[in-house]
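In order, the protein sequence lines correspond to chains E, G, D and W.
Reading the first sequence from the start, the letters are residues 859 to 1072 in our numbering.
Reading the second sequence from the start, the letters are residues 859 to 1072 in our numbering.
Reading the third sequence from the start, the letters are residues 859 to 1072 in our numbering.
Reading the fourth sequence from the start, the letters are residues 859 to 1072 in our numbering.
The hints are simulated quantities; they were obtained by calculation from the structure and are not laboratory data.
Among the hints, erroneous ones may be present.
Heads up, the list lumps identical chains together, so a pair's fine if it works in one copy or across two of them.
To be verified - Calculated cross-link-like contacts (lysine to aspartate or glutamate; reagent style DMTMM-like; alpha-carbon spacing at most 25 Å):
| # | residue 1 | residue 2 |
| --- | --- | --- |
| 1 | Lys954 | Asp970 |
| 2 | Lys922 | Asp998 |
| 3 | Lys954 | Asp969 |
| 4 | Lys954 | Glu1030 |
| 5 | Lys914 | Glu1062 |
| 6 | Lys922 | Asp939 |
| 7 | Lys914 | Glu1071 |
| 8 | Lys922 | Glu1065 |
| 9 | Lys954 | Asp906 |
There are 4 protein chains.
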Amino acid sequence: MNRLAVADVYRDAGFGRSVTRGQRPAILVVDFSYGFTDATYPTATDADGAIDATAKLLTCARRKGVPIAFTTISYEAAHIDSLPWLRKSVGLTALKSGSRLVEIDGRLQRDDREPIVVKLGASAFFGTNVPTLLASWRADTLIVTGATTSGCVRATVVDAVQSGYDVLVPEECVADRATAPHEANLFDIRQKYADVIPLSETLEYLESLEAREK
Amino acid sequence: MNRLAVADVYRDAGFGRSVTRGQRPAILVVDFSYGFTDATYPTATDADGAIDATAKLLTCARRKGVPIAFTTISYEAAHIDSLPWLRKSVGLTALKSGSRLVEIDGRLQRDDREPIVVKLGASAFFGTNVPTLLASWRADTLIVTGATTSGCVRATVVDAVQSGYDVLVPEECVADRATAPHEANLFDIRQKYADVIPLSETLEYLESLEAREK
Amino acid sequence: MNRLAVADVYRDAGFGRSVTRGQRPAILVVDFSYGFTDATYPTATDADGAIDATAKLLTCARRKGVPIAFTTISYEAAHIDSLPWLRKSVGLTALKSGSRLVEIDGRLQRDDREPIVVKLGASAFFGTNVPTLLASWRADTLIVTGATTSGCVRATVVDAVQSGYDVLVPEECVADRATAPHEANLFDIRQKYADVIPLSETLEYLESLEAREK
Amino acid sequence: MNRLAVADVYRDAGFGRSVTRGQRPAILVVDFSYGFTDATYPTATDADGAIDATAKLLTCARRKGVPIAFTTISYEAAHIDSLPWLRKSVGLTALKSGSRLVEIDGRLQRDDREPIVVKLGASAFFGTNVPTLLASWRADTLIVTGATTSGCVRATVVDAVQSGYDVLVPEECVADRATAPHEANLFDIRQKYADVIPLSETLEYLESLEAREK
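Construct all of the structure, not just a fragment, from the sequences and the given hints.
What follows is the structure, encoded as C-alpha cells:
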C-alpha cells in the first residue's frame, strides 16, 4: 500500500480530525533532562533545536500564566533491581537519582514553582501525580513537548487524550534518536491522538488567551 | 540515517534486550471485535490471519489453564457526547454499545468464564479492571494479541511493561490497517517494550508450563 | 479522649476547612442499584430517605445542565473466581451482571444520556472511566451521593479529592447499613476530605449556577 | 442499633471473611515520617508503640527477603498552590519537601534498597509507582502498617484489596491521632477489606515462608 492509499484508509476509518483548543491549556515537558538532551550520554538525542523551540514556548506560557510541569525519569536501586522495563531497555538504568542525567536541562529555565514529576515508565501519566495536577489546574487542553517522540512523548500523548484532554504537539518541540521512528510516530499521533502543529501556531494560540494567575 | 545506523543508535542506547518468560502468563486479546475484524466496517482491518493465529494460541492456553481476557471498545451516548478522543478519531463512534461491532469475533470461541473488558481508550489498562485482573491472577507475563498494532496493541503493550509485567507479542497475532504503521510500531515495541516473537515460539513457551487450574 | 478533645486534636492538625464550590460541578451517584436499595436483599441498606433526597438533587441538576453519572457493582463469573475482595466480602458476589441487583433504582429516573459506570471495587474512580468522564466534562467540583457511607461513598470521596476535585456530600443523600459506621465515616469525611452539607445548601449552590448545555 | 445488631447486619450481608495468606507477601509502611511520628509536630500521632512493632516486623521481613516499601507525603510549592486536598486539610502543607517532617523515622532502619514512594494523597497507590512495584515483585499479599489508621492506612488498604491483593493489617503496627476514629476504621477494615491480626500472627506467617532473594 502506498502513502496515498494509507491516507485513504485512515480517512475512511474516520481518523485525523482536528481537536478543540480550550481556554485553559497546560504544558507538559517530557524528559528534557540531560540524560536525553546532552549528546555525550548514550541515552540522549540531538535535542538542541527542540530545546530552543520549547524554551520559546515556555517563555510565552509563563507570561500568560499557563501552568507548566516537567517530567524526568529517575531510578533508585530498588527500581533497577525489579522493573521489567529496565530488563528490556537496560540503557535507561543510567538515569540514576541524584545524577546529572535526571536534572532538567538548564536552557529551559525552570521556575521553582513549576513541578518536576518523577516517572519510572514511558508515559507522564503513568504512576504519577500528573492526572491530579491537571485536574487541580482545571486544564482542558494539553500541549506536549519533549523526548523522545517515539517513546515517552507518544506514550504521554496517548494517555492525555484517553484522560479526557485535547492535545497539541508543536512539531519543532519534540525530538528523537532517529528520523524514521520520529516520523512514524508523528504520523500515528496526528491521525489518532493529537494535532501536530507548528510552534508558531501554538504561540498564536497562547497569545490569544487572556493572561491568568496561576 | 539508514536502517543499520538506526539499529546502532538503539543498541548503544541500551534497547532491544530480551524479556523473561515467567511461570504465570496471561493473555490479553485486544479489540478483536467485529468492528475491527469484519472488513465490511470502515473501522476494521484485514485481521483474518491474526484471528486464526490467535485462535490457535487460545486453544493452547485453555488447555494449560492460562487465563485469558478480551477487550472491546464500546460507547454509550454519554461518551460520544463528551470524550475528546472521539472528536479526534470520530470514526470510532461507530462502536456503539449493543451493536455487532462491539461483540468479540466468534472465531475466537470465547468461553463464558473469560472476561470481556470494556474500554473507552486505546490501552487495555486505561480506566479498566485489567490491572486488578492481572494482579488477582498473580500473572507475571503478558501475551498481547489483537488490533490494531499501531493503536490499541501498542498502547496496551506500553502500559503492560510500565505496570511491571514482562510482555510478549506473537507477530502473527496482531493486525493493522496498513503495513507501514504496523511495521513501524513493531519496531518500537521490539526495541523498547516487549519481545515480538513467532507464534510457534509462543506455543512452545505455553507448552513448557505445567497446566494449572484457573 | 472525649469528643471535644478529638475535635481539638483535628483542629490543631489543620483539618476540617471548607472546600471551594466551583463553577462546573458534576454528580456521582454511587451504587444506588437495587442490591443496595431494596431491603429484601441482604446486601442492601434502608436507603429510602437517601433515594428521595438524591432524586430531588438530580431533578435540580438536570434542569441546570449539571452532568450526572451512576455507578453499579456488577460481577461476571470471571471476577467471582478471582478477586480477593470477593473472598473478604463474599456477600457482594450476589451482585451478578444481568440481575436486578445491579440495576439503578428506578426512583432516580436515570436518563439514557447519563452514563452508568460498572465498577468492581469500592471507589467509583478505581479501574473505571470516571476520571476520564470528569476531565472530559471539565468538572471542578464533585457532589457524591449513594451507598454505603462507610464503604463505596467513603472510598469515592477519598479518590475524588486525591484526584484534584473539591468534594461535597449532601448528608441526606448517603445511606448505610448501621448508624455507627455511617457517623464515624461522616466524621472522617468532614474532617479530611469533603464538606458534608445539608441537601438544601447543595440545591442553593446548584441554583446559583448559570444553566449550561451538557 | 447496638453493637451486636451491627455485627449481625454485617454477617448477613456477607462481610468479615478471612483472607488468604499468600507465598509472596510485601510490606508497605505508610507515612511513618517524622511529620506523623514526632509528637512535637501538630500533624503527628503518638506512634511510638506502632513504630516499635513495625521495626520488629521489618527485621523479620528483611531476614526472609520480603520486599518493603515506605511512603512519605512531601509537597513542593506547586502542590501547595493547587491541590484541593490541601485546602481541606491545610495542616498537611507543613509536610514540605526537604524538611525533616518528610524523612522516614530512623527507628525503622530503612535500607537503601527499600524504596521510598512520595505520595501527594491519602492512598499509597494513588498517583504512585506502588502498583508497578508490587507487580514487579510478583507480590500476592500486602501487609500494611503506618499512620494514620483513619486516613492513609485506611485509604491504602482499600486500594490494595481493590488492586487484587490479599491484605493484612498487624494491629499493633498502625497508629492514629485519636481512639474513636482508630477503632471505627479498624472495624470497617476488618469487616470489608483486610484481616486485622496481632503482630505475633504476622511474624509467624512470615517465619513460615521460605526465605527468598529479593
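Hints and how they fare:
no.	hint	verdict
1	Lys954 x Asp970	both (22 Å within a copy, 14 Å between copies)
2	Lys922 x Asp998	both (16 Å within a copy, 21 Å between copies)
3	Lys954 x Asp969	both (23 Å within a copy, 17 Å between copies)
4	Lys954 x Glu1030	neither (28 Å within a copy, 36 Å between copies)
5	Lys914 x Glu1062	within (12 Å within a copy, 46 Å between copies)
6	Lys922 x Asp939	between (43 Å within a copy, 17 Å between copies)
7	Lys914 x Glu1071	within (20 Å within a copy, 37 Å between copies)
8	Lys922 x Glu1065	within (7 Å within a copy, 33 Å between copies)
9	Lys954 x Asp906	within (23 Å within a copy, 34 Å between copies)
Hint compliance for this structure: hint 4 is the single one not met.
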